[in-house]
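**Student:** As a plain string of letters, each chain reads:
There are 2 protein chains.
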Amino acid sequence: MKLALAQMNPVVGDIRANTARMTEVISQAAGRGADLVVFSELSVVGYPPKDLLLKPRFIDDNRRAVDELAKSCRDCGAMVGFACPHEGATGLNLHNAAALLAEGRVIQTYFKQLLPTYDVFDERRYFEPAKSPQVVEFGGKRIGLTICEDIWQGPEDTERSLYDIRPLAELSDAGVDLVVNMSASPFVLGKPAFRSRCFGGHCRRYKLPLAYVNQVGGNDELVFDGNSCFIDGDGKVLAQARDFAEDLLLIDVENPSASRCEMPREGIASVHAALVLGLRDYVRKCGFKRVVIGLSGGIDSAVTAALAVQALGHNNVTGVAMPSRYSSDHSLTDAAALARNLNIRYLTIPIEPAHAAMESMLADAFTGRGSDITEENIQARLRGNILMSLSNKFGCLLLTTGNKSELAVGYCTLYGDMAGGLAVISDVPKTMIYELARFINRDGELIPQSSITKPPSAELKPNQTDQDSLPPYEILDEILRRYVEQEQSRDKIVADGFDDATVARVINLVDRSEYKRKQAAPGLKVTSRAFGFGRRMPIAQNYR
Amino acid sequence: MKLALAQMNPVVGDIRANTARMTEVISQAAGRGADLVVFSELSVVGYPPKDLLLKPRFIDDNRRAVDELAKSCRDCGAMVGFACPHEGATGLNLHNAAALLAEGRVIQTYFKQLLPTYDVFDERRYFEPAKSPQVVEFGGKRIGLTICEDIWQGPEDTERSLYDIRPLAELSDAGVDLVVNMSASPFVLGKPAFRSRCFGGHCRRYKLPLAYVNQVGGNDELVFDGNSCFIDGDGKVLAQARDFAEDLLLIDVENPSASRCEMPREGIASVHAALVLGLRDYVRKCGFKRVVIGLSGGIDSAVTAALAVQALGHNNVTGVAMPSRYSSDHSLTDAAALARNLNIRYLTIPIEPAHAAMESMLADAFTGRGSDITEENIQARLRGNILMSLSNKFGCLLLTTGNKSELAVGYCTLYGDMAGGLAVISDVPKTMIYELARFINRDGELIPQSSITKPPSAELKPNQTDQDSLPPYEILDEILRRYVEQEQSRDKIVADGFDDATVARVINLVDRSEYKRKQAAPGLKVTSRAFGFGRRMPIAQNYR
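Top line first, the protein sequences correspond to chains A and B.
According to our numbering, the first sequence is numbered sequentially starting from 62.
According to our numbering, the second sequence is numbered sequentially starting from 62.
Incorrect hints may have been included.
Which copy is meant is left open, so a pair is good if it fits within one copy or across any two.
Below, in silico cross-link-like pairs of lysine-lysine (DSBU-like), each with a Cα-Cα straight-line distance of 30 Å or less [to be verified]:
1. 350 x 579
2. 553 x 116
3. 522 x 192
4. 577 x 515
5. 132 x 202
6. 522 x 350
7. 116 x 252
8. 268 x 192
9. 553 x 132
10. 297 x 202
11. 63 x 268
12. 515 x 268
13. 553 x 252
Think of the hints as simulated: they come from the structure by calculation, not from any bench.
Please read these numbers as outputs of a predicted model, since none were measured by experiment.
With the hints as extra help, turn the sequences into a complete structure.
**Tutor:** Structure, rendered in structure tokens:
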């Protein structure tokens, strides 16, 4: 039997376009001799469809699309993902479903058993879990159908499981020749390699081959890395699709070792690829072509601009320098050098006239008050206003340039540097920003060296640097990783050797900045815990 | 037996303060002769604690608090809500739990069986459901313990249930004298009356009395209305606590008809009370005392300012008029009249200097382009900058003044009039804003009559009114109610008699404004479906 793993990049909710593309791919795969094309989880609607699933009409449309797709399945079968109404007398009214299409009709339907509710996942909001596995017979094989989370389980004897059923064990007991998993598993640094290890372990344990099809592409905060693969019963990856791009991978199940096997990117290269794809897809799927970015001369905006050029092409990126009375000469020269290196359109709009006007307008109200953070924020918000004006006037999306370390401790101005449609690097800690910059410069200087080496500064008052009020970024980032990603307590972090006062201060800053993050632009997730949809903190709270 | 229903207003996460207050209330209730004090759901931590529940230290702290509380329970028992670790081999590692405390110790623990995952609820993100009911014996009574959702079920024979177990039926079969429900049920217009009807039906059906204790107070988007009550086995409400305020209601179970029975507010009076409480608690629980509000002379900012004065007192509210070259005379006179009526501090800061400066700064970049929405947004964002400057300088929270109709169709400027810490009326449709204004003026004019009667206008260009580009608000609000609250499709709304082009246009505006709402301030929920946490739409999507 010849399997085709169809690693597609759907637009969420665009049922018409997604199914048109799937029809195309089915016919292409059939042309290449495939017997069965496997698509990713909820492929008809794109993952995650979120509350579109609450629209009855949306569910009707997605069902009709499956019926349409079935008609294309004459020479070749297909497994497609969709939201299937649940007709039971109790429970949520949908299933996260997979249909086997063949002979022009829906042959069999499987419902996902394990529904994740952690991090960015909300599947118990929509779906009723099924309570039993399904084996489909196709092309003389007994195939065990699973969907994403169904196969994310540790070995029985070592690990506490979130679920009390084990679909793989049940399929193994039922006797199958092959397990298929239709997935939408978002990228996190290190996850592609972890997936291979985890799935390889399952294959060895159950002595079963696995055909794994993952979605690819960016949908809001999430970037799906693809990396669909075929693993044999010894746990060996024999076929691997490309990462961060659509792919159609053919595997002869009788002779899988003859398949194509791409090398997945790892480390900073994978983060870079995820950000480029996530940025490109967000801009494109929101209906934009071009972006505008404020260039401060610093490393964050330089990295963001370089990513944008890689995602969209230099003709679609505009950089804007907005010097103030506190801007150093090197800010402007570094911003200009970056724009030259990237060959992007470059504007300089000094903010002094509006800055002076705001001061005079507020002078009466501020009488008798010394200067403080207010005066810094005014400048940041004037810049936000200018950038949004360019965005509005020229129909280009504004990208924000703040990193995760800043967003964590609130070193960013709401409606100022936080203004924009997408926060490209808001899940990248500052120490990783330096790695990204070096990676971007791997074949020659795109980001000016001085942007990388000079001490970071907001330049919102004279002689300011980030390290005046923050611990060194190596220490800050490690405290943040422990507090935000791992939910470690202050006591635990201090017990591990960090300075108590520093830890207390950082934690306090993180907790008090929740209101800013509530209003932040969506950011691309690359770590195990990003600010955003997967971290839901109350604002008016007082846990200390 | 004498029951005390302790309707408290906890601060989320403030375990220390919440338990101190609970200890106080237990001793107070004991002093009044109570045998058993019943608190609301998760009373130790406040509802909803959200991802604070993922912090292991938080869970330890909340368990220790229950042990501490138990020590206060010598003369009088208590039922308290907390997050209890789940020790089972599989499943999520917490239960939403209630403990019966007496004789200085934890006597018995019950775990919630029905865990809601719709609208604003995420309980399957944290909690493992229990699979059986619990009866506690106390003071010679067999008491059936339930938590919130456990008793939100329709009669078996008429309605599809989300759950396949029915705690009330099971308790009835087990034989109990009384059901206790510990709840955190947020306010929605009409819900207090619906609750009484629904619970009254249960009591009649099972011939069982119910003691219902609801949380009260605002926590971020949610306002809990209290309205704790005692209903007898005939479904009659014999005792009712106050709405929208803390209360301690004593009931002699042998003679419940002698209890106090407050009249709950209904209709616009209940919406008004919810907004005042939600506003007061958000400001207070975020550590603020005072607020600042931009006054346009229009009805939305007038209603917001009046609510703020009622919540915080006139000394804690500052109104700011920020006239532009397009502002009409009546805008300023209406804003000034409002400030006089409310007796609040009033500032006038014309935006012309910064407006002119921005125009000159952007003139080069905009060469050859006509004027459009950009020029309108610039003004709104300058106002946002001014208001945030006042907020920063004087440490007062900025309230936004946009209504639900505007937020739905995107008639609002990100970082402009959307700037602020709390969106007080963002779940109030424009037609209901008029009702609120009349209610606020019920004892005399607070909101100037001309703010109510003049045609709404953003005044961002000459001679602009809302109705230039929107259908009349009566029609707009009805389309929005159907599309947003009821998830009706375009076809369905048109079939019910609305103009197709208008419906299509409104739906398109709603869908295209998701990115704005993603960055909106939290808003107080008063309808069955608010924008915010209970409505989770993808942004980069294309369902049409």
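**Student:** Now tell me if each hint is right for this structure.
**Tutor:** Here is how each hint holds up against the structure:
1. For the homomeric pair residue 350 and residue 579, the shortest alpha-carbon distances inside one copy (27 Å) and between copies (21 Å) are both at most 30 Å.
2. Taking CA atoms no more than 30 Å apart as the test, residue 553 paired with residue 116 passes between copies only; the shortest distance there is 12 Å, against 45 Å inside one copy.
3. Neither within a single protomer nor between protomers do residue 522 and residue 192 lie at most 30 Å apart by alpha-carbon distance, with minima of 62 Å and 60 Å respectively.
4. Only within a single protomer do residue 577 and residue 515 lie at most 30 Å apart by alpha-carbon distance; the minimum there is 27 Å, versus 35 Å between protomers.
5. Within a single copy, residue 132 and residue 202 get their C-alpha atoms as close as 23 Å, which meets the 30 Å cut-off; across copies the closest is 65 Å, which misses it.
6. In this assembly of identical chains, residue 522 and residue 350 lie within 30 Å of each other by CA distance solely across copies; the values are 29 Å between and 35 Å within a copy.
7. Taking the shortest alpha-carbon separations for residue 116 and residue 252, only the inter-copy value of 23 Å comes in at or below 30 Å, while the best intra-copy value is 33 Å.
8. When the C-alpha separation of residue 268 and residue 192 is checked against a cutoff of 30 Å, the pair qualifies only within one copy, where the shortest distance is 24 Å, while the shortest distance between copies is 35 Å.
9. For the identical chains of this complex, residue 553 and residue 132 are inter-copy neighbours only, at 28 Å across copies versus 59 Å inside a copy, given an alpha-carbon limit of 30 Å.
10. In this assembly of identical chains, residue 297 and residue 202 lie within 30 Å of each other by CA distance solely inside one copy; the values are 21 Å within and 64 Å between copies.
11. Taking identical chains as interchangeable, the C-alpha atoms of residue 63 and residue 268 lie at most 30 Å apart only when both belong to the same chain, with a minimum of 20 Å there against 64 Å between chains.
12. In this assembly of identical chains, the alpha carbons of residue 515 and residue 268 never lie at most 30 Å apart, being 55 Å within a copy and 76 Å across copies at closest.
13. Within a single copy, residue 553 and residue 252 get their C-alpha atoms as close as 26 Å, which meets the 30 Å cut-off; across copies the closest is 44 Å, which misses it.
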